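Since the structure of chain X is already known, use the hints to place chain U on it.
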Amino acid sequence: MAAVRFSDVLKRYGEVDAVRHLSLEIADGEFMVLVGPSGSGKTTALRMLAGLESISGGEISIGERVVNRIAPRERDIAMVFQDYALYPQMTVFDNLAFGLRRRKVPKEEIAGRVATAAGLLDIGELLERKPGQLSGGQAQRVALGRALVRQPQVFLMDEPLSNLDAKLRTQTRGEIKRLQHEVRTTTVYVTHDQVEAMTMGDRIAVMNDGLLEQAGTPEEIYERPANRFVAGFIGSPAMSFFEAACSVEDGVLRLRGDDVDVRVPAGAELPVAVTVGVRPEAARLWDGSRNGIAGPVRGTVAYVEALGRETFIGVDAGGSRLAVHQEGRTSLQPGDGVEFGFVPEGLRYFAVDSGDAVG
Amino acid sequence: MTSRRDATLTYTVLGVFSLIAFLPIAGIVFTALQQPGGLAGFGRLDGFNPGNFADAWREGNFGSYLKSSAIVTVTVVVCSVALSVLAGYAFGLMRFRGAQVLFYVLLLGLMIPMEAMIVPLYYDLRDLRLTDTYWALILPQIGTSVAFGTFWMRAFFRSVPRSLVEAARIDGASSWFTLWRVLLPLAKPAVLTMTVLLFMWTWNEFLLALVMVTDEGLRTAPLGLSFFQGRNQTDFTLLAAGAVIVATPVLVLYVFLQRHFIRGMLAGAVKG
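Protein chains in written order, with this note's numbering: chain X, 1 to 359; chain U, 1001 to 1272.
Accuracy of the hints is not assured; some may be wrong.
Stated by the list, open to error - One-sided excerpt, in silico: chain U residues whose CB lies under 8 angstroms from chain X: (1) Ser1163; (2) Ala1167; (3) Asp1171.
Since the hints were made in silico from the structure, they are not lab data. Only a predicted model underlies this, so the values are computations on that prediction, with no experimental measurement involved. Glycine included, C-beta positions come from ideal geometry on N, C-alpha and C.
So here's chain X without its partners, still in its complex pose (with noise of 0.2 angstroms):
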């Protein structure tokens, strides 16, 4: 096991910089997400590490190792790719044991390693049996596999889950999340998908355009989005946001949009226009009573998105579309009007220009 350091790394196809300036601490055993859209570099920071790509400039080490000119077999590491990559014509017994021969570790080891690794995802009984012959969570599994037998210093994972159907992946989330808790080898996972990100990781790294925009915990990633980009991205429903003008008036502040006109308790200074954002936990319907909720804002439905257990309210109001929470369902039609609120403690404040946090 090792710790990971990219140190002002650069990533140039031609014109086109992947990533840029990226700098980020990957601590022994940690379980790391780099999530954000298609494009936005976390693939090609990955396969840097990986050694699949060269690196335009700055450092990557595994441990104490500078590893920008050493080749991926020499890193020590173990990667899962998204098609799984398992060899088509070998067994799943060979497909496991292709890197440990290649090392020339000895029979019996690789038989034990293979083994355990076959005990611990469940995949004894397909030893014998050639890809082609897998279900897609078996290849996953197998996938898994070969990348445990190694006992490499670090995993790395490239959206694995993208291939599996939406119930098998929620399993197999919470499976490779309790793997690398048991063997606790440092976690270098690449997805777009935020729930998997939140879920998994013990930090979370979000990149955007080539840039690493907030690395922390889940919590903090959610409760505290360093800019407008991160906040939008993580979270579903997403958070939603409105323009708003701010004054404190009486040691309360008073945000003014469109149709937007509430009075929260003052926190820190904040400039005179930003941009509120609003997860849809931290808005709810109007029921005639303040009750710690500021409000009321009138809008008009403009979809209901009910799952059953709870139900998302899309409304329009103060220019923009709020996602508003509602506990069980409701009887709303889209074009009925309505009036909610925020919990003001929910509200988050972005700089208009940058869409840095503010306050």
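Relative to the frame of chain X, chain U by itself:
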């Protein structure tokens, strides 16, 4: 789902074209089995005379021609397949300076027909004192075959998921080991298809053999057949028997590798 009518139409069209392709071959075979000398008409069977093959073999000196053809073809195919796999691997999966330019140069070998280069080639080989040797037949054909083979194998290696090669690299396999143990087992249909095509083209090459060798002992089968035809203008049964003898090795190889051949042809066309 195709309807019954579509299926009938498809089979009718395929059947007609198969018949058009098959009739001349059947005609040759029937002719080869007819009474020697007594020509009853093209493609009409008036007896069963397998002795024609023995006569043609003896009179046409086909033993010697086939030996020459076998030496040339096997050497060309073995060398070309080995070189094409290696070159295709490099062009398909490795990044190196000048790869694109080099590849286009190789493609020239595909685009320029033998007729266009045969004259300068003859003078070059004569200067090297290689005319009238097997080398004059082998070396140029390796050159043209590798052009096609590299093009063919590069396409195959490009179609292999890149992650497979990357997984092998991370697992500790060298480039050589990756080619040998990970990629070649997958490449079997592509390599066998290439083998059949190169075998067929090399076996049937006529112009090069005509220009480069004069020694009777070095003549290849198609060339020998042409001389045999010159001597037997009128004996169609013997001519047909000779043609069947010359064509048989390619046919045997094709039948032998047919299953892989079809799979290789489809490999490029259908994904998955």
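Hints and how they fare:
1. For Ser1163(U), the interface hint holds, since its Cβ comes within 8 angstroms of a Cβ in chain X; the closest pair sits about 4 angstroms apart.
2. Contact between Ala1167(U) and chain X, as hinted, is supported at the beta carbon level, the nearest pair being about 4 angstroms apart and thus within 8 angstroms.
3. Interface hint at Asp1171(U): satisfied, since its Cβ lies 4 angstroms from the closest Cβ of chain X, which is below the 8 angstroms cut-off.
Checked against the numbered hints listed earlier, the structure breaks none of them; every hint is satisfied.
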